Amino acid sequence: MSIPITGEHAASKINQNVPGSVVNFSATDVWVKVDKLIDIFSCLKNDSELDMQFLNSITAVDYIEYFELVYHLRSLRQNTTLIVKTKCFGREDITIPSISGVWRGAELQEREIWDLMGINFSGHPNMKRILLWEGFPGHPLRKDFIR
Amino acid sequence: MSINTQPVTINLGPQHPSTHGVFRLRVTFDGEQVIDVEPVFGYLHRGTEKLAEERNYVQIVTLTDRLDYVAAMTNNLAYVRAVESLAGISVPDRGMYLRVISAELQRIASHLIATGFLLDELGAFHTPLIYCFRERERILELFEMLCGARITVSYMRPGGVFQDAPIDFWPRLDDFLSSMPGYLDELEGLITENEVVLARTRDMGILSAQDAIDASITGPVLRATGVQWDLRKAEPHEVYDRLDFDVPIGSVGDTYDRYYVRVQEMRQSLRIVQQCVEQIEPGPVRSETPYFIRPDAVDTYVGTESPKGELGFYIVSDGGISPYRMHIRAPSFINLTTLRDLLVGWKMADLIVIFGSIDIVVGEVDR
Chain A
61 MSIPITGEHA
71 ASKINQNVPG
81 SVVNFSATDV
91 WVKVDKLIDI
101 FSCLKNDSEL
111 DMQFLNSITA
121 VDYIEYFELV
131 YHLRSLRQNT
141 TLIVKTKCFG
151 REDITIPSIS
161 GVWRGAELQE
171 REIWDLMGIN
181 FSGHPNMKRI
191 LLWEGFPGHP
201 LRKDFIR
Chain B
17 MSINTQPVTI
27 NLGPQHPSTH
37 GVFRLRVTFD
47 GEQVIDVEPV
57 FGYLHRGTEK
67 LAEERNYVQI
77 VTLTDRLDYV
87 AAMTNNLAYV
97 RAVESLAGIS
107 VPDRGMYLRV
117 ISAELQRIAS
127 HLIATGFLLD
137 ELGAFHTPLI
147 YCFRERERIL
157 ELFEMLCGAR
167 ITVSYMRPGG
177 VFQDAPIDFW
187 PRLDDFLSSM
197 PGYLDELEGL
207 ITENEVVLAR
217 TRDMGILSAQ
227 DAIDASITGP
237 VLRATGVQWD
247 LRKAEPHEVY
257 DRLDFDVPIG
267 SVGDTYDRYY
277 VRVQEMRQSL
287 RIVQQCVEQI
297 EPGPVRSETP
307 YFIRPDAVDT
317 YVGTESPKGE
327 LGFYIVSDGG
337 ISPYRMHIRA
347 PSFINLTTLR
357 DLLVGWKMAD
367 LIVIFGSIDI
377 VVGEVDR
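For the record, the sequence lines run as chains A and B.
Start counting the first sequence at 61; every next residue gets the next number (our numbering).
Start counting the second sequence at 17; every next residue gets the next number (our numbering).
Since the hints were made in silico from the structure, they are not lab data.
Heads up, a few of these hints could be off.
In silico PhoX-like links for lysine-lysine, alpha-carbon gap of 25 Å or less [stated by the list, open to error]:
#  : chain 1 : residue 1 : chain 2 : residue 2
1  : A       : Lys73     : A       : Lys147
2  : A       : Lys203    : B       : Lys66
3  : B       : Lys66     : A       : Lys147
4  : A       : Lys188    : B       : Lys249
5  : A       : Lys147    : A       : Lys96
6  : A       : Lys105    : A       : Lys73
7  : A       : Lys188    : A       : Lys147
8  : A       : Lys73     : A       : Lys93
9  : A       : Lys145    : A       : Lys188
10 : B       : Lys66     : A       : Lys105
11 : A       : Lys147    : A       : Lys203
12 : A       : Lys203    : A       : Lys93
13 : A       : Lys145    : B       : Lys66
14 : A       : Lys96     : A       : Lys145
15 : A       : Lys145    : A       : Lys203
To spell it out: a stretch of chain A is covered by chain B in this simulated footprint if at least three of its residues, at any positions, have a beta carbon under 8 Å from a beta carbon of chain B; those stretches are [said to hold, decoys possible]:
#  : stretch
16 : 113-119
17 : 134-148
Since we're looking at a predicted model, the values are computed, not measured.
A virtual CB, placed ideally from N, CA and C, is assigned to each residue, including glycine.
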């Protein structure tokens with residue numbers, strides 16, 4: 061059975077390598093600062109103990125006051141999982157760093173988040189809409205989207 | 017003497033028999049050689065994730081049928097597992113065995129389609145495909161006995177399955193289980209050592225294990241690269257920990273390995289179903305679950321091994337009767353991340369074969 065890594069353990073590990081980047085943690089999740097995402101994920105991927113070499117999925121949730129990005133990571137060798145979350149505030153022109161340089165698996169998923177949720181990723185090699193066409197008005201998975 | 021050539025960009029699809037649905041590739045050729053590929057998504061986008069926000073947890077089962085529409089049982093399973101983990105619902109033993117039986121039969125049906133179309137794309141038009149469809153038809157008939165539908169089954173519910181299998185289901189299943197290995201031998205006799213198939217698939221479209229892991233690729237495409245990763249072993253859900261089966265892997269990660277891993281997986285699935293038939297005991301098939309499920313305001317992610325790879329559901333609840341947000345981690349979609357690397361440098365006819373060997377279903381790519 062896969063063992064979930066506790067938020068506390070992940071938080072101490074991240075704080076060791078990228079000081080001051082953890083905002084909060086719970087039993088299962090760890091919340092980090094949005095501007096240090098690339099450093100944090102490079103550290104989680106290359107750390108020999110955590111060994112999170114596999115990015116399972118990325119998604120975004122619209123909580124109206126803020127958007128929450130959810131990253132599900134996995135270690136295939138140790139069969140462990142980790143959930144990293146980050147909040148970004150505001151509704152217009154949101155840009156956060158792309159992690160497609162750390163894991164290529166992020167490429168299509170980040171484009172999907174831009175398309176449906178309207179969060180832009182800086183440093184992405186091909187940041188454009190994926191499921192809807194260019195010129196589609198709005199981002200349909202937002203809670204204030206009106207058909 | 018050198019000939020000056022000019023790159024030509026053509027559209028493959030969206031209406032094209034070998035793109036496995038309405039999928040479009042914008043391909044740039046230099047003569048016969050592929051020099052650039054850009055997949056264009058979205059022709060079958062129906063907004064499943066948004067639709068789910070307006071439906072209750074039981075109604076969403078019907079939406080999941082239409083994701084990977086050749087493997088509806090495993091979609092049902094992946095979804096109801098996520099709801100059960102969210103709301104803390106338990107499943108009776110007989111329900112779990114019925115789920116595993118139907119999911120594994122579905123895996124065989126899905127792999128039969130992948131194999132049949134591979135031959136179709138190699139130029140062996142229709143005849144081998146019909147062989148595969150003939151056996152798939154028997155599986156669909158079994159599904160019809162279980163729930164009345166062949167493709168969009170909606171057989172599973174949070175807490176179990178919709179109804180018990182009818183009495184005449186079991187002899188039909190035994191019949192299928194006894195004849196299928198012989199049929200697979202026959203199919204393998206046609207393909208596995210076939211010189212034309214070997215020449216067209218060996219060492220083509222090679223994906224390394226490192227690249228596959230980096231690009232979040234799962235399922236038979238990952239296992240063909242030699243990585244022994246299967247969620248049925250890594251996170252044994254339902255009754256998989258009581259069953260004895262192997263996880264077949266490839267060695268080079270080429271088109272041939274992707275084919276061969278699928279054929280071996282079909283044999284393993286037959287083993288699993290056989291053991292389930294031996295172990296299943298009478299009992300309830302569904303726990304007492306209310307029609308309107310109101311989970312606490314929490315979020316959960318559950319991944320399930322579907323025929324294409326890890327199908328994951330991330331559900332956020334706000335305590336209401338429908339999810340606040342539902343995200344689908346679609347294996348067909350994410351497995352296309354490295355498509356360009358696999359195809360560049362090969363000829364036009366090989367493009368179709370390599371693309372087909374990834375085995376995507378557009379309902380799941382576009383959702």
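(message) Hinted pair, alpha-carbon criterion (25 Å max): B/Lys66, A/Lys105. Please report holds or violated.
(response) violated, 32 Å
(request) For the pair supplied as a hint, A/Lys73 and A/Lys93, confirm whether the alpha-carbon distance does not exceed 25 Å. (result) holds, 15 Å
(message) Tell me if the straight-line CA distance from A/Lys145 to A/Lys188 falls inside 25 Å.
(response) holds, 23 Å
(message) A/Lys203 and B/Lys66 were given as a pair; does the straight-line alpha-carbon distance stay at or below 25 Å?
(response) Distance of about 10 Å is within 25 Å: holds.
(message) For A/Lys188 and A/Lys147, compute the direct alpha-carbon distance and say whether it is at most 25 Å.
(response) Distance ~22 Å between A/Lys188 and A/Lys147 Cα, so the pair holds.
(request) Confirm or reject the coverage of the stretch 134-148 of chain A by chain B under the rule of 3 or more residues with a beta carbon closer than 8 Å to the chain's beta carbons. (result) Satisfied; 3 residues make the cut.
(message) Need the status of pair A/Lys188, B/Lys249: alpha-carbon distance at most 25 Å?
(response) violated, 37 Å
(message) Is the listed coverage of the stretch 113-119 of chain A by chain B valid when you require three or more residues with a beta carbon under 8 Å from a beta carbon of that chain?
(response) holds (count 6)
(request) Verify the proposed pairing of A/Lys105 with A/Lys73, using a straight-line Cα cut of 25 Å. (result) Holds, at roughly 12 Å.
(message) Against the 25 Å threshold, does the CA-CA distance of A/Lys96 and A/Lys145 hold or violate the hint?
(response) holds, 12 Å
(message) Next pair to validate is A/Lys145 with B/Lys66; report whether the Cα-Cα distance is within 25 Å.
(response) Roughly 21 Å separates the two Cα atoms, so the pair holds.
(message) Hint check: A/Lys203 vs A/Lys93, CA-CA at most 25 Å. Holds or violated?
(response) holds, 24 Å
Checked against the numbered hints given earlier, the structure breaks hints 4 and 10 and satisfies all the rest.
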